[in-house]
Amino acid sequence: MKMSLTVNGTRHEVDVRPTARLIDVLRDELGLTGTKEGCGEGECGACTVLVDGKAVASCLMLALQACGKEVTTVEGLAHGGELSLLQRQFIAHGAVQCGFCTPGMLMSAQALLMENPTPSADEIRTALAGNLCRCTGYSAIIAAIRAASGREADRADGSA
Amino acid sequence: MTDELRVVGRDHPIADAALKVSGALVYATDMRLPRMLYAKLLLSPIAHGRVAHIDATEALALPGVVAVFSHENAPQRLYSRYRLLPDQDCPEDEPLFAETVRFAGDRVAAVVAEGLDIAAAAVRLLRVQYEELPAVLTAEEALREGAIPIHPGGNLLSEFEHAAGERPEARGNEVTVTVATSLPRAHHAALEPHSCIADCDASGKLTMWSPTQSVFGARTVVADLLGLSYSQVRVIKVPMGGSFGGKQEFTLEPVTAFMAMTLRRPVRLALEREECISSTMVRGASTSTVRVTADPAGVLKDLEVDTLFDAGAYGTSSIDYVDMMTKKLTRLYRVPQYRHHCRVVYTTTPVAGGCRAWGAVDITAPMEIAMDRLAGRLGMDPVELRLKNLVEPFDRELLTGAELGDARIRECLVRGAEAFRWDERVQQDPGRGRYRRGVGVACGAHKNGMLSDTFPDFSTMTLKMNEDGSVALGASLHEVGCGAVTAMRLIVAEELGIEPEMVSVTEADSDLTPYDFGCYGSRVTYVCGAAARQTAVALKERLLEVAAVLMGRPVAELCFRGGRIEAASAPGEGLAPAEAVMAAKTVLHEDVSVQSTHQATSNPGAYSAQFAEVVVDTWTGLTRVTDFLAVGDVGRAINRAMVVGQYQGAVQMGIGFALCEEVGLDTAGRVVPGGFKQYHVVNTPDMPDVKVILVEHDGDDGPYGAKSVGEISVVPTVPAVVNAVNRALGTSLSDLPLTPAKVVAALR
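Sequences listed follow chains A and B, in order. 1 is the number of the first residue of the first sequence in our numbering; add one for each residue after it. 1 is the number of the first residue of the second sequence in our numbering; add one for each residue after it.
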């Protein structure tokens, strides 16, 4: 079936199977492989993207449900080749290790910051509840998001 | 020494962080090769049985299906997915496709098709008849008389005992406690599911792209299995979204290689989460009974451990894994006699294999839970009891006589107890209401590399200087995600006095990069890092040789000063390294590059002491870890931010192992379906902000004194949490994980 959607500001016409998931279209049709699949059941959050500004697990959404909507993927965070503040804070705080959860973490954080520009640590934890990370223990990720939110961050490295 | 270091010891982002935050890094499942085919496995739905008949007619009739493979058209040769060296002693008991399935998740068949959706649809069209055999779901069952043999040699894969020392004469006032602790099967839960791509070109050369921890091991296994020379198999390590040991052994490489070689087209095999959990590797289930004896003052007199380890359906690394378990406790405690009796047993359950810290978690949890029990019996503070028995710096451990180096576990414990305010918090009343609070402590020991009396450790690297003074390190690194590449870059930059950005570092490619065992075994920083430093020193020597010829002076007169090569007798006269490299090319017709092999000569202890505070809801049985401190004897942090990050991540894994992570089986031996819905990994709201203290010092042979981090960091976490729960509740729980159901049952 033919459908159109806007991804990272560009409108695309795509021909999709009715059963295709949004993640399949993003990765396979549009080549936006930054969005990762870690579980295929909406439990790990690696595939999180923004659909009309809300964080969505793209493995749980049919592509057709995104018809006419605005989708933002991790590839859409940088502008003019320059990384966003959130991306830069992830790097600066050591919030990136293996990187497989990173795109989803960034998108959940982006959705949070768009809704609540100055979240508390607890609000960040709640917003990231659906994003699993096996490498970092989350502390550096939370510190990065706090830094990107403009609040003074806690010590990023957890040193006592 | 820290003061003199420019880049080592500071905070650096991981080298490819910019690619990762922009979604640009290409992992295996992001790759698309021309004419690439997609494979999908049919996994056994039963735990044990014979494949009586496979009807692939319907599957093959589906447009786009290229081939169906099973035991009927694949080599029957048995192999070990664990083999690294061709002559290594490992059980060869696994076929590419099973005629006798030995666990629910065993490979029965594979469909290869032009698209993934076609392959997935075709797998559902395969009709397989099984003749069921009795399932054997626990190690105890497997050893029972009359139990059906899972492999021709029977179910006892290995039984051995390690013993050393002598028990002092009993005085009659000793205290002995005996504690049995069970650890369940666990899933590594790397966020990236297992995946692999193989291609075979017209000349018969096989190339594989795999997020593996050892390209040379993958090459060995694949080439030996398929009857190819090692030069006909090239394995390229691609970005890896975490491993934790789950990608150490070669689960997908052999079958993917076979399919690509047969079809002469690129084949991609990528698993879904449930398939990863059931069909790749788990941390094996084990029960260890610790019998520890101390005198009334708390000084250990005797330590005996009995371990029953469930290897699952295939042997893989389980014998070596359990052998490694043995060698941890005498690295931690001084004890006059130690004895460890081990049985490694086949069952018809998911395959056990390498898992972060290779047995150290599995034996340290039982030991440290027993130590708390002993402290209770002696009426002694758990920290005090441990301080009476922990090893001292430069001890030799009892079992193998190995030197432990500048072992700072006592310092870890003392500094941690002070920072955590242990003395005060351990006295606090857990409360009598719904919520009970408790603190727990545990210590752990691990190693630095694989050097032992029976195994070598070494690493070879090359380093060349470019015409602008930047350098390229050629090394078989396998970045698992925690910064091996970055660490090597920092070490070389430090040694050469250049910026890290001036150092490029390769990852492993079995055709192009020098030999290295792989990234596991807590050997990367200690052994590979030392190799990187040694290679940088060799490059400096080579630069001096070149400069000596160019300047017409003896090498002995030359030295590095202010980033230039100068003669001691003629300051101001000299060359920049980049000028030497250019002149070497144009005047001497030579390249400035070196190759160097570092041979490990020591394997000191790595140590950590950890402190947990928990709050247990006695109504629901739910435990929350509310505070956590990890203290690590790291020798020297090469990249401080990543060392701290590894510790914090390890604690997340350990809390999960203690409280909620378990690969559950139903009564028929099938993994309870549901992926991460059933297998609970600790998420953000349930994680405390883990504090980390690094104990740094000179005194060991690693680069700048650095020791291993990635595995030791998880070793004491499980017992620290369990001991805190038991203190909060006054229980003696040791059947892990401490699920709400078990906690509530214990309180009844």
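Don't take every hint at face value.
Unchecked claim - Partial pick of chain B residues on the chain A-facing surface, computed with a CB cut under 10 Å:
hint, residue
1, 14
2, 17
3, 192
4, 242
5, 273
6, 511
7, 639
8, 645
9, 649
Claimed, not checked - Covered by chain A, according to a simulated footprint, are these stretches of chain B (three or more residues, beta-carbon under 8 Å):
hint, stretch
10, 541-555
11, 671-680
Stated by the list, open to error - Covered by chain B, according to a simulated footprint, are these stretches of chain A (three or more residues, beta-carbon under 8 Å):
hint, stretch
12, 43-52
13, 77-84
14, 101-110
Just so you know, these hints were derived from the structure itself, not from any lab. Where a beta carbon is used, it is the ideal one built from N, C-alpha and C, also for glycine.
Which hint numbers doesn't this structure obey?
-> 6, 10
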